[in-house]
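Please build the complete structure, drawing on both the sequences and the hints.
Note that our numbering has the sequence shown beginning at 92, numbered continuously upward.
In case anyone wonders, no lab produced these hints; they're calculated from the structure.
A hint or two may mislead.
[As the list claims (entries may be wrong)] Computed list of lysine-lysine pairs in PhoX-like fashion (alpha-carbon distance at most 20 Å, straight line):
1) Lys246 with Lys128
2) Lys118 with Lys182
3) Lys182 with Lys151
4) Lys222 with Lys151
5) Lys128 with Lys151
6) Lys220 with Lys207
7) Lys182 with Lys220
8) Lys222 with Lys261
9) Lys222 with Lys246
10) Lys222 with Lys182
11) Lys234 with Lys246
12) Lys182 with Lys246
13) Lys207 with Lys222
14) Lys234 with Lys220
15) Lys234 with Lys261
16) Lys259 with Lys207
17) Lys259 with Lys220
18) Lys220 with Lys246
19) Lys261 with Lys207
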Amino acid sequence: MNLLLLYSPPISISMSCLGYLESARVKNELDIEFGRKLLGVSAAGGKELNDMNDNDVLGKLLFTLEEKVSTDKEDEGKIGSNDNNFGTMAKLATLNLALFLALANVDPLVGYNWLKQNRLSFVSIPGFKCKIYETMTLLSQEKEGFLGMSSNEIKIFGMLATKLEPLKGK
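Put into structure tokens, the structure is as follows:
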């Protein structure tokens, strides 16, 4: 697997999540078929969807902050250096969490329960609720242009909300 950080440093949960995804990939537990469905909506690719292996699917879906956040090389990676960076980072981190939970296993509760047991995760704090289902549902109801989202991205949020419905209220 060849992915960069999913969440901005110094949050080491990123490496822990990558380790989990790699372990699930080796055990053939990832929900790659759902990932292919998401890629079919986003039209990302080049390769035929059925020809894409798990590495290709993860590489196309999971966004790394280093490649998407900053357009100014001098300020690259500095939070607050560009007002658009914060919104972009928040959207990508939320999307990565939803993608992690949706792809980690066919059952999104498997990834969620792993996060609850991971002391690096906010979800492991007693009483903390990630509300990722509710967030994806809200984003899927927005109009094109909200936070710079395309209509395809909004469709993806809807598909993620449907997949993450078992996490409602968590």
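Of all the hints numbered above, which does this structure not satisfy? Sort the numbers upward.
2, 4, 14, 15 and 18
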